[in-house]
Amino acid sequence: MPMTALTTGCLVGLFFVAASGPFRPARAADDNNKMQSTRADFTAFCQAMQGRWLGEVIWVTDWPGFGKKGDKVTAYADFRTSLNGHVLLGRFNGGPGSGTSLFHYDAGKRQIHGRWVSSGGNVWNLVIYKQNGNWHQAETGSTVDGKPISAAIVRHISDDGKTHRLSGTIEVDGKQADP
782 MPMTALTTGC
792 LVGLFFVAAS
802 GPFRPARAAD
812 DNNKMQSTRA
822 DFTAFCQAMQ
832 GRWLGEVIWV
842 TDWPGFGKKG
852 DKVTAYADFR
862 TSLNGHVLLG
872 RFNGGPGSGT
882 SLFHYDAGKR
892 QIHGRWVSSG
902 GNVWNLVIYK
912 QNGNWHQAET
922 GSTVDGKPIS
932 AAIVRHISDD
942 GKTHRLSGTI
952 EVDGKQADP
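Heads up, the final residue of the sequence shown is numbered 960 in this note's numbering, and it's a clean run with no missing numbers.
Treat each hint with caution, since some may be false.
[What the hints assert, rightly or not] The calculated label-pair distances, taken between Cβ atoms and stated as ranges, are:
1. Thr855 <-> Gln912: 16 to 22 Å
2. Thr881 <-> Lys943: 32 to 38 Å
3. Ala821 <-> Thr855: 33 to 39 Å
4. Thr824 <-> Asp954: 16 to 22 Å
5. Asp959 <-> Gly866: 37 to 43 Å
6. Asp887 <-> Leu835: 27 to 33 Å
[What the hints assert, rightly or not] Pairs of lysine-lysine residues, derived as BS3-like cross-links and limited to a Cα-Cα distance of at most 27 Å, are as follows:
7. Lys815 <-> Lys956
8. Lys850 <-> Lys956
9. Lys815 <-> Lys928
10. Lys815 <-> Lys890
11. Lys849 <-> Lys956
12. Lys928 <-> Lys850
13. Lys890 <-> Lys849
Hints listed in this document are in silico derivations from the structure and should not be mistaken for laboratory results. Remember, predicted model here, so these are calculated numbers, not experimental data. Glycine included, each C-beta is placed from N, C-alpha and C at the ideal position.
From just these sequences and the hints, can you work out the full model?
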């Protein structure tokens, strides 16, 4: 597979690229919005994510195992489907840190779920769904020392799928990360 530019990297819990123009942030689950998806949505998400990605990342906060706020690193990621298309596996390398991810479709909840675990001990849990033509990611997790992480991310895909740009908000320990 050809190397493709990645404008933001892949561990969305690690970084943030400000959007140019307005966007609709992801929303937390409630009784009116269960962030539901279909198996076909999961297949489309896998197709959008598959491949090798390369880009520059600027950390928006201090991330254990990765670097300090403002550090610029080159990031590499690789996503592949496995288990007859029922799982999307991802690997991320950015500066001194790395991360592994697993995404799957939960038919009972009708949701796409993801989990990232980093070499710094940070974890992210994601619910992914499509809204208004863009993929949204509602994230929760924690740093290695137990600080809560939450994020509402929108993935903007352009250039026939070759460019992914992320926008949204990230909070660590109740404080918004400032891009």
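| message | Range first: 32 to 38 Å. Now tell me if the beta carbons of Thr881 and Lys943 are that far apart. | response | 24 Å, violated
| task | Below or equal to 27 Å on CA atoms is what counts here, so check Lys849 against Lys956. | result | 16 Å, holds
| message | Need the status of pair Lys815, Lys928: alpha-carbon distance at most 27 Å? | response | Answer holds: Lys815 to Lys928 is near 26 Å, not above 27 Å.
| query | Holds or violated: Lys928 with Lys850, Cα cutoff 27 Å? | reply | 16 Å, holds
| message | Tell me if the straight-line CA distance from Lys815 to Lys956 falls inside 27 Å. | response | Between Lys815 and Lys956 the Cα gap is close to 26 Å, so the pair holds against 27 Å.
| Range hint compliance [Cβ, Thr824 to Asp954, 16 to 22 Å] | Between Thr824 and Asp954, where Cβ atoms are some 36 Å apart, the hint is violated.
| request: For the range 33 to 39 Å, tell me whether the beta carbons of Ala821 and Thr855 fit it or not. | output: 34 Å, holds
| Is the gap between the beta carbons of Asp959 and Gly866 within 37 to 43 Å? | Holds, at about 39 Å.
| request: For the range 16 to 22 Å, tell me whether the beta carbons of Thr855 and Gln912 fit it or not. | output: For Gln912 against Thr855, whose Cβ atoms are near 31 Å apart, the range 16 to 22 Å is violated.
| task | Would you check the hint for Lys850 and Lys956, treating anything up to 27 Å between C-alpha atoms as holding? | result | 14 Å, holds
| field | Consistency of beta-carbon spacing, Leu835 to Asp887, with hint 27 to 33 Å | value | 31 Å, holds
| Lys890 and Lys849: Cα distance at most 27 Å? | Not OK: Lys890 and Lys849 at ~37 Å, beyond 27 Å, violated.
Hint violations for this structure: numbers 1, 2, 4, 13, all remaining hints satisfied.
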